[in-house]
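Engineer: Spelled out from the first residue to the last, the chains are:
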Amino acid sequence: MRLLLGYSILSLLLILFSCKKEEVGPQCKNCIENPIIPNSDSKILIVNEGNFGFGNASISLYNPTSNVLNNNVFQQVNTYPLGDVAQSGVLFENKLYIVVNNSGKIEVVNKDTYNSIATITGLISPRHMLPINSSKAYVSNIFSNQIQILNLSNNSISGGITTSSNWTEEMLLFNDTAYVCDMKNNNLLLINTTNDLLIDSVKMGVQPNSIVIDKNNKFWILCDGGFNTDFPKLIKFNPQTRTIEQTLIFTDINSSPSDLSIDGNKENLYFINYHVYKINCTDNVLPTSNWLSNNSQVFYSIGIDPYANNIYISDAKDFVQSSSILRYSENGVLLHSFQAGINAGQFLFLP
Amino acid sequence: MYKLITYIIFILLTSKLLAQEKIDTINFKAFTVVDYAISENYTTTKIDSAAVASSENLSDLLQHQSTVFVKTYGAGSLASVSFRGTGASHTRVLWNDVEINSPMNGQIDFSLFPSFFFNSAELHHGASGLIDGNGALGGSVLINNFTPSYTSTAKPFSLSYHSAVGSFGKKTNGIKMAFNQKKDWFLETHIYHSIAENNFIYKNISQKNHPEEKLENGNYFQYGFQQAIFKKIKNNTLGLRFWYFNSDRNLASSMVVEDHQENQKDESFRTLLEWKGFTKKWSYKLSSSFIKDNLVYENKSIDLISNNESIFFSNALNTKYFINNSSLLINTFKVRYEYANADGVDGVNSRFNSSWLSGYTKNFKAIEVNIFNRMTIVSNYQNFIAPSISVGYTLPKIKTLLLKTSWGINYNYPTFNDLYWNPGGNPDLLPEKATMSEFGIKYILKQNKKITLSSEINYFYSLVDNWIMWQPTSSSIWSPTNLKKVENKGIETSLSLSKKMNQLQFSFKGKYAYTKSTNIELHQQINESLNKQLIYVPKHQFNYTMEIGLKNTQFTYNYRYTSLRYISTDNNWYLPANFISDIALSQKIKISGNTKLHLSFRVNNLFNQTYQSIAWRPMPLRNYLFNLIFQL
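Chains Y and V, in that order, are what the protein sequence lines are.
With this note's numbering applied, the first sequence covers 501 to 851.
With this note's numbering applied, the second sequence covers 390 to 1021.
Isolated chain Y (complex conformation) (with noise of 0.2 Å):
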């Protein structure tokens, strides 16, 4: 008898031990450390993807001066999550444009105080935005043969431009012209961004993923070879003539560059490839040696502040913790390491 009162009273206590607290769906520790100041000149913004199925994307500022960091922003200031896998981001007219491909949204969000603005939805898989003029954007996607076009004025979708790819990466705008990355069929498509047409589109190498504009207005365009199909190639093309002027390829057919980001000066290219590789846009061979090894970190994004010329690099680590962030200068020496979000995939630097 004893030991059933025991029990009773054992019993007892754990159910008002089970009416604590209340503190709901996945909490983060470090995200909490510094308070968010609003209009702070924290300069940098670091979109992390988080994990798939996780919900766990977010985003950090970063301050290059003072180095104080503030992890998880979004939802700290909007009490409710940025979502599932926030692939990019883009900063036009004074506001934040986030990317969240799994949630299928666009979050827009005041570049100052970081409170939400709007939410366009009803997107199936975005993976960037281009922003055309001040009512209108595309947004490039996967799983979808859409090329969606957003009404920036009230925030919603107005359109698409059908192609035929299921998968379209990053954009550029140069002229009255957007030029898509195609990684399902290997393009580059043109789209006609007064009348919204698809014009034209010119073979690349195999999974073309990203695209910069160097200073003589030429483009480069990193195509990473897919899973062994084919060896990565970075391309250098000519918009006015619709031209490839010079085809450099890896000579590894394992592995995979990405990330071709270019500097202030639109001079300096930098990739990632293992290791920081930098190429200048005069060159016309591969650089052989890297600019950065990674010392079996793992590379996973690359940004370049055009105002300090400093790079950053992100260590996705094992992908299912917090990265970190490596602040170089563009002599290659560390200035100052942090811990962003998980899988920091994209730096924007706000002027």
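What the hints contain is simulated information worked out from the structure, not anything from laboratory work.
A virtual CB, placed ideally from N, CA and C, is assigned to each residue, including glycine.
Where hints are given, some of them may not hold.
[What the hints assert, rightly or not] Computed list of lysine to any residue pairs in SDA-like fashion (alpha-carbon distance at most 20 Å, straight line):
(1) V:K689 x Y:T621
(2) V:K689 x Y:W667
(3) V:K689 x Y:T662
(4) V:K597 x Y:L835
(5) Y:K543 x V:K689
(6) V:K603 x Y:Y580
(7) Y:K778 x Y:L835
(8) V:K689 x Y:I642
(9) V:K603 x Y:T662
(10) V:K689 x Y:S664
(11) Y:K529 x V:K689
[Claimed, not checked] Covered stretches of chain Y (in silico footprint by chain V; criterion: 3 or more residues with CB under 8 Å from a CB of chain V, positions within the stretch not fixed):
(12) 590-596
(13) 603-612
[What the hints assert, rightly or not] Selected chain Y positions facing chain V (Cβ under 7 Å, derived; list incomplete):
(14) E523
(15) V524
(16) P526
(17) C528
(18) K529
(19) D584
(20) P631
(21) F643
(22) F727
(23) D730
(24) F819
Fit chain V to the known structure of chain Y by using the hints.
Structural biologist: Relative to the frame of chain Y, chain V by itself:
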């Protein structure tokens, strides 16, 4: 000796129907091995038929009755089980001794096994899993159907109708029929149908202003039947069991994702043919099983349909040779043909998976020793040494106190997905290897017939090396590698007590597990996950069931606590702990003779806890289930 064995069989068969009791006959122990009753020197969790009958499915059952970690996406959705900090593919599942893990991913979905189709369950923790098969790096889950008893007390014919109605449009109906001709024939039929809308309301805290939303696309539809035909021929039994199961469900998206309109259809055909018997010194079982699983996944939002078909055909010969009253020799030969044809996998894949388990058990008065070894050949993988050893010592003065220890090694061979998935599969993978050890104390107290107490505490330590993990490669293609070495250690304890006071029957079953599961070595890189707790492994798990019965009325209370689970490997992100309580009230009504009615009413999540078992997957708040069984 012959007489002895017959007697033993009698005990064995009936004891399966009775409560699990420790019987001290050496020979009984020896013979129980025939039916894979594993030595008490190992840690096991035995779940009796009453507990099975009061649960909905295997996932629900294990959540209530054990301290293994059940990771579930919600009612009717994918549920996986892990033991002692290992992964879901490190849990072997056997149905009447036939391994049913998918050759594609090495797992099963525990939500697709309604309790209606089996009668008892048993968990083998740690090194004992080797006796069941390869790959049980954490342990194994056995679900069994009753062996026909052919005793004079068996009812010649029984029929029961089962019906349940619950919240969120749940309706389950089933019929069980059994025909038991005392001398030789036994036939049994189970027919099952279940449907649920699963459209519960939850607060979507992942959206602006936290709106209340109704879960969309969580509905499911399941049906199946099982047929058994057994025939006794002198000392032999020939049996055939066929189980068909079909499930069609929509997959609800997580809170943070817009509905993807995903659907999954599973279909399983399981056939088992067995012949078992005994002679003077031998007992044997020859079994042959054919299992075919089809899985069709569809994602309408991206126009994706993926077809997956797997087949395995398994043949096993299990023999026991009784050397004398205290020692026994065991041999099991298994040849399994595995086949998979899936959209994600290059071409058609098949392989032979053969193994030979040899074992010896010996009893020296108070000490019992078991030694096993499994030799395995799986396509190009060969391994001749995978031992499992256990020693138990019953204290001479306190006969009810058992000191026990076990040690063993088990390998998990890469699955078809690991090896051949396109793109990303890695044909160079090594098998995962676990070295497991444990020691513990078990105490049983039985005073007259009024009080029964049993308690057990075990400490375990295991190392899992060459743990296979899928990670994105540089081209963002996911690929598996033998990435890490994990150390799992912890404590498992259990206490059960039952007491009879006049008309009142009281019972308490409590279990607690502490699991520290950490990355101790990363084969390719160094990062913050080193020496951190693995994701989705709770450190503390506690549950208990309390039952109070008065005549034909019974009140049940179940409580379970799951501590926080980390969801990032640097242990920066976590899901908070949860505490869930269920209660049930049941009443048996005798109508006339053998005609009985059994009514029960269950309240799940009594205290209306909002919680997530997996990040951003909503779980239902308080909900109800009404159950009726009409027995003829």
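Engineer: Evaluate each hint against the coordinates.
Structural biologist: For each hint, the structure was consulted:
Proximity of V:K689 to Y:T621 is assessed by CA-CA distance (about 18 Å); at most 20 Å being required, the pair is judged to hold. With a C-alpha separation of about 17 Å, the suggested pairing of V:K689 with Y:W667 holds against the 20 Å cut-off. For the hint pairing V:K689 with Y:T662, the CA-to-CA distance comes to about 19 Å; that is within 20 Å, so the pair holds. Using a Cα cut-off of 20 Å, the hinted pair V:K597 and Y:L835 is violated, with the two alpha carbons roughly 38 Å apart.
Between the alpha carbons of Y:K543 and V:K689 the distance comes to roughly 41 Å, so the proposed pair goes past 20 Å and is violated. A hinted pair counts as satisfied when its Cα atoms are at most 20 Å apart, and V:K603 with Y:Y580 qualifies at roughly 18 Å. A hinted pair counts as satisfied when its Cα atoms are at most 20 Å apart, and Y:K778 with Y:L835 qualifies at roughly 19 Å. As the CA atoms of V:K689 and Y:I642 are separated by approximately 14 Å, the hinted pair is consistent with the 20 Å bound.
Restraint check for V:K603 and Y:T662: not satisfied, since their Cα atoms lie roughly 34 Å apart, outside the 20 Å limit. This hinted pair checks out: V:K689 and Y:S664 have alpha carbons roughly 19 Å apart, not beyond 20 Å. Proposed proximity of Y:K529 and V:K689 is contradicted: the alpha carbons are some 37 Å apart, above 20 Å. For the stretch 590-596 of chain Y, the stated coverage by chain V is not satisfied: 0 residues place a CB nearer than 8 Å to a CB of that chain, which falls below the threshold of 3.
Evaluation of the coverage hint for the stretch 603-612 of chain Y: fulfilled, as 3 residues show C-beta separations to chain V shorter than 8 Å, against a requirement of three. With a least beta-carbon distance of about 4 Å to chain V, the hint placing Y:E523 at the interface is held under the 7 Å criterion. Nearest Cβ of chain V to the Cβ of Y:V524: about 5 Å, under the 7 Å cut. The hint holds. Hint status for Y:P526: holds, given a least beta-carbon distance of 5 Å to chain V, under 7 Å.
At about 5 Å, the closest approach between the beta carbon of Y:C528 and any beta carbon in chain V falls short of 7 Å, and the interface hint on this residue holds. Because the smallest distance between the Cβ of Y:K529 and any Cβ of chain V comes to about 5 Å, under 7 Å, the interface hint for this residue holds. With a least beta-carbon distance of about 5 Å to chain V, the hint placing Y:D584 at the interface is held under the 7 Å criterion. With 7 Å as the threshold, the beta carbon of Y:P631 stays out of range of chain V, its nearest partner Cβ sitting at about 23 Å, so the hint is violated.
Because the smallest distance between the Cβ of Y:F643 and any Cβ of chain V comes to about 3 Å, under 7 Å, the interface hint for this residue holds. With its C-beta approaching chain V no nearer than about 4 Å, Y:F727 sits inside the 7 Å limit, and its interface hint holds. The interface hint given for Y:D730 is violated, since its Cβ lies 12 Å from the closest Cβ of chain V, which is over the 7 Å cut-off. Evaluation of the Y:F819 hint against chain V yields a held restraint, the C-beta minimum of about 6 Å falling below 7 Å.
In this structure, the hints that do not hold are numbers 4, 5, 9, 11, 12, 20 and 23, in rising order.
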